[in-house]
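We have chain V already, so just place chain C on it with the hints.
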Amino acid sequence: DAGVTQSPTHLIKTRGQHVTLRCSPISGHKSVSWYQQVLGQGPQFIFQYYEKEERGRGNFPDRFSARQFPNYSSELNVNALLLGDSALYLCASSLGTGGSETQYFGPGTRLLVL
Amino acid sequence: GQNIDQPTEMTATEGAIVQINCTYQTSGFNGLFWYQQHAGEAPTFLSYNVLDGLEEKGRFSSFLSRSKGYSYLLLKELQMKDSASYLCAVRYGPATDSWGKLQFGAGTQVVVTP
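Protein sequence lines correspond, in order, to chains V and C.
Number 8 in the numbering used here belongs to position 8 of the first sequence; there are no gaps in the numbering.
In short: position in the second sequence from 1, add 114, done, that's the numbering used here.
Bound-form chain V, shown alone (with noise of 0.2 Å):
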């Protein structure tokens, strides 16, 4: 079975610009969650959808915003990128939302803003 996957892997965009990241889960799972994570650091919480319904946010700007789709894949779409933007933005799915649900993680969009 594939695993969950990210496009496009890299993207050179610049200040002001807007960008559409895609993630599709893995087949059968139903929640997509978002991650920004910046190099030497862990990888930080942005969304979560669950059934196409937003479940969590993390402390981003309202620049970021993302929607889920009715097959479950989602776009994670950011506005007016800065510089601090660069980063792996990493797409997780699951099976659900509970507790002991393991998220697996796609290959990650890189980002770079000039």
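Since the hints were made in silico from the structure, they are not lab data.
Values in this document were obtained by computation on a predicted structure and should not be read as measured data.
Hints are not guaranteed to be accurate.
Every beta carbon over 12 Å from chain V, so not counted as near; a handful from chain C, in silico [stated by the list, open to error]:
no., residue
1, Val132
2, Leu201
3, Val225
Partial list, computed: chain C residues near chain V (C-beta under 7 Å) [as the list claims (entries may be wrong)]:
no., residue
4, Pro121
5, Phe159
6, Lys215
7, Gly219
DEER-style ranges, computed between Cβ atoms [claimed, not checked]:
no., chain 1, residue 1, chain 2, residue 2, range
8, V, Asn71, C, Thr158, 19 to 27 Å
9, V, Lys52, C, Lys171, 31 to 39 Å
10, C, Lys195, V, Val38, 38 to 46 Å
11, V, Leu11, C, Lys195, 23 to 31 Å
12, V, Asn77, C, Asp166, 29 to 37 Å
13, C, Ser179, V, Ser73, 37 to 45 Å
All C-beta atoms in this analysis are idealised placements derived from N, C-alpha and C, irrespective of residue type, glycine included.
Here is chain C on its own, set in the frame of chain V:
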């Protein structure tokens, strides 16, 4: 927020044992995960602990003490391929503002030398 603390770096020789400690705030604790992350790649799931005690999986074992807010990951018979960052992640329960998301430590870089 809930601080997750782990050492920055550890070095060990091939064939040796290394223990990576992780401490966290206990209030609202709802499970602890360990992930391995090779440079430039996504985190991969290693283990999950929610009850006190030791979970063994081949060369890797993970221990949890909920009352002490403490966990460790034990890597035995180290191999060169074990050189990676090891991330401790905690899930907090519905009574906290961190419900559903994984709170990650900054990661421990393990360097295995010949």
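Cross-check of the supplied hints:
In this structure C/Val132 is separated from chain V by more than 12 Å, as the shortest Cβ-Cβ distance comes to about 19 Å. Distance check for C/Leu201 against chain V: the nearest CB is about 5 Å away, which does not clear 12 Å, and the non-interface claim fails. No Cβ of chain V comes within 12 Å of the Cβ of C/Val225; the nearest lies about 15 Å off, and the non-interface call holds. A least Cβ separation of about 13 Å between C/Pro121 and chain V goes past the 7 Å threshold, and the interface hint is therefore violated.
Interface hint status for C/Phe159: upheld, as the beta-carbon distance to the closest one in chain V is roughly 5 Å, under 7 Å. Checking C/Lys215 against chain V: minimum C-beta separation of about 4 Å stays under 7 Å; hint holds. A hinted interface residue such as C/Gly219 counts as satisfied when its beta carbon comes closer than 7 Å to some beta carbon of chain V; here the least separation is about 5 Å, so the hint holds. Here the CB-CB span from V/Asn71 to C/Thr158 is close to 25 Å, well matched to the stated 19 to 27 Å.
Our hint of 31 to 39 Å for V/Lys52 and C/Lys171 holds, since their Cβ atoms are close to 34 Å apart. Range check, C/Lys195 to V/Val38: about 25 Å between beta-carbon atoms, so the 38 to 46 Å window is missed. As the Cβ distance of V/Leu11 to C/Lys195 is approximately 29 Å, the hint placing it in 23 to 31 Å holds. Against the hinted window of 29 to 37 Å, the Cβ-Cβ separation of V/Asn77 and C/Asp166 comes to about 42 Å, which falls outside the hint.
Range check, C/Ser179 to V/Ser73: about 39 Å between beta-carbon atoms, so the 37 to 45 Å window is met.
Hints 2, 4, 10 and 12 from the earlier list are contradicted by this structure; the remaining hints agree with it.
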